[in-house]
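Number of protein chains: 2
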Amino acid sequence: MWKSWKHITKLDPDRKNSEELVKAVAESGTDAVMVSGTQNVTAEKVKKLLSMLKKYNVPTVVEPSDPSNVVYDADYLFVPTVLNSLDGEWITGKHAKWVFMNYKDKNFEDLFNRVVFEGYIVLNPNSAVAKVTRSLQMDAKMAASYAFIGERMMKLPIIYIEYSGTYGDPEVVKEVKSVLNSSRLFYGGGIDSREKAIEMLKYADTIIVGNVIYEKGLNAYLSTVP
Amino acid sequence: MWKSWKHITKLDPDRKNSEELVKAVAESGTDAVMVSGTQNVTAEKVKKLLSMLKKYNVPTVVEPSDPSNVVYDADYLFVPTVLNSLDGEWITGKHAKWVFMNYKDKNFEDLFNRVVFEGYIVLNPNSAVAKVTRSLQMDAKMAASYAFIGERMMKLPIIYIEYSGTYGDPEVVKEVKSVLNSSRLFYGGGIDSREKAIEMLKYADTIIVGNVIYEKGLNAYLSTVP
Chain S
83 MWKSWKHITK LDPDRKNSEE LVKAVAESGT DAVMVSGTQN VTAEKVKKLL
133 SMLKKYNVPT VVEPSDPSNV VYDADYLFVP TVLNSLDGEW ITGKHAKWVF
183 MNYKDKNFED LFNRVVFEGY IVLNPNSAVA KVTRSLQMDA KMAASYAFIG
233 ERMMKLPIIY IEYSGTYGDP EVVKEVKSVL NSSRLFYGGG IDSREKAIEM
283 LKYADTIIVG NVIYEKGLNA YLSTVP
Chain Z
83 MWKSWKHITK LDPDRKNSEE LVKAVAESGT DAVMVSGTQN VTAEKVKKLL
133 SMLKKYNVPT VVEPSDPSNV VYDADYLFVP TVLNSLDGEW ITGKHAKWVF
183 MNYKDKNFED LFNRVVFEGY IVLNPNSAVA KVTRSLQMDA KMAASYAFIG
233 ERMMKLPIIY IEYSGTYGDP EVVKEVKSVL NSSRLFYGGG IDSREKAIEM
283 LKYADTIIVG NVIYEKGLNA YLSTVP
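So the protein sequences, as listed, match chains S and Z. Taken in order, the first sequence gives residues 83 to 308; the numbers are from the numbering used here. Taken in order, the second sequence gives residues 83 to 308; the numbers are from the numbering used here.
One or more of the hints may lead you astray.
Remember, identical chains collapse to one label, so a pair may be satisfied in a single copy or spanning two.
[What the hints assert, rightly or not] Using 25 Å as the maximum straight-line C-alpha spacing, the simulated SDA-like pairs for lysine to any residue come out as follows: (1) K179 to M224; (2) K213 to P149; (3) K237 to L193; (4) K188 to S147.
It should be emphasised that the hints constitute simulated quantities derived from the structure, not laboratory data.
Here chain S stands alone, though its shape is the one from the complex (with noise of 0.2 Å):
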């Protein structure tokens, strides 16, 4: 079911997230709510702003940035790998860690068949996200050449360029596109108008948009859904 989404609300749990706010989100038209972040981020926290979306019918993904915060009651468990992080720590081996932390439960591992992996390729240099992957920077052909590596050596079903706070460049998201038979394309940053949201919709699958409602309020966000 996910792969129809076009619009994916992503929801920081370490933001003020009123009754408010998730009501005015979950009835807004966007196809899921994401319940993500990098900092600060418990599994309290998820789990508290998961209860809140509980009442509404807008499916749930949550997206953990760590083995130790992974919370397991949304609709989705959304994994990310980064492909062009300089570690290897961020392509594989936090997930080796959470295997290992889940070893041989059969719980664990009925839930890996419904996990979506997420191919991540980074490109805000500046954001927190970069940083802490220390994500490598580069031009939109080797940007569509990491996403064939996602696509075609690692079979990802989702490949996300992420201008994580920034609003990124259409020509890097169209050159990627070009690439992909088969991976859903996922872009996520800096969209806070219906013009950027209709712009990057022309390459990407599906757009993430979440800091605007936080920085721009709620009209503003609302006028990103398609």
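Chain S is already provided as a structure; the job is to place chain Z on it using the hints.
Then chain Z, alone, in the frame of chain S:
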């Protein structure tokens, strides 16, 4: 066809490979000959060895160690990705560079469909390959956790336990085998007798034999062919 192979012979293009040696290997009953080496490998040396193998019926594989020395003249191209490397370069980086070097070349993209990817887990800390790739050392369960990620997250058709130059721990191979559903399990390292070949084939689907030819001679090598 490669999925039925039980015994692969790895020849190093940087070693002395006489006509007699090549003939004996090609007619030994081994299932395939893999041309592979980590040091001083050039495309020229690889091509020379492949041309010597051409007159025999044995299937050939090239296993490149770097995008700069890929040779496309063999039946198969087995491309390693080092799951337990600390450096992203060995997991996705060199691969993306390889795609970049052949960007949107139609022949390359067609070829890519015939490439078989191997998820290496490098376990002998004293080996050149472990040092170059800065491979993390670990116990059997952690190795199996990496194998699980190689199969379930990356959908790799081959998981390859590499003890390069030394005979490994059969319990590690057994543990790794116990978590795999669909990937073929390759084992390489230190097989220089029929006993060791039989022991590792209890758990591994395929053994890779190589150094024994150069270090103990043809008779020791021939004893490893099932």
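query: Can you name, in rising order, the numbers of the hints this structure does not satisfy?
result: none
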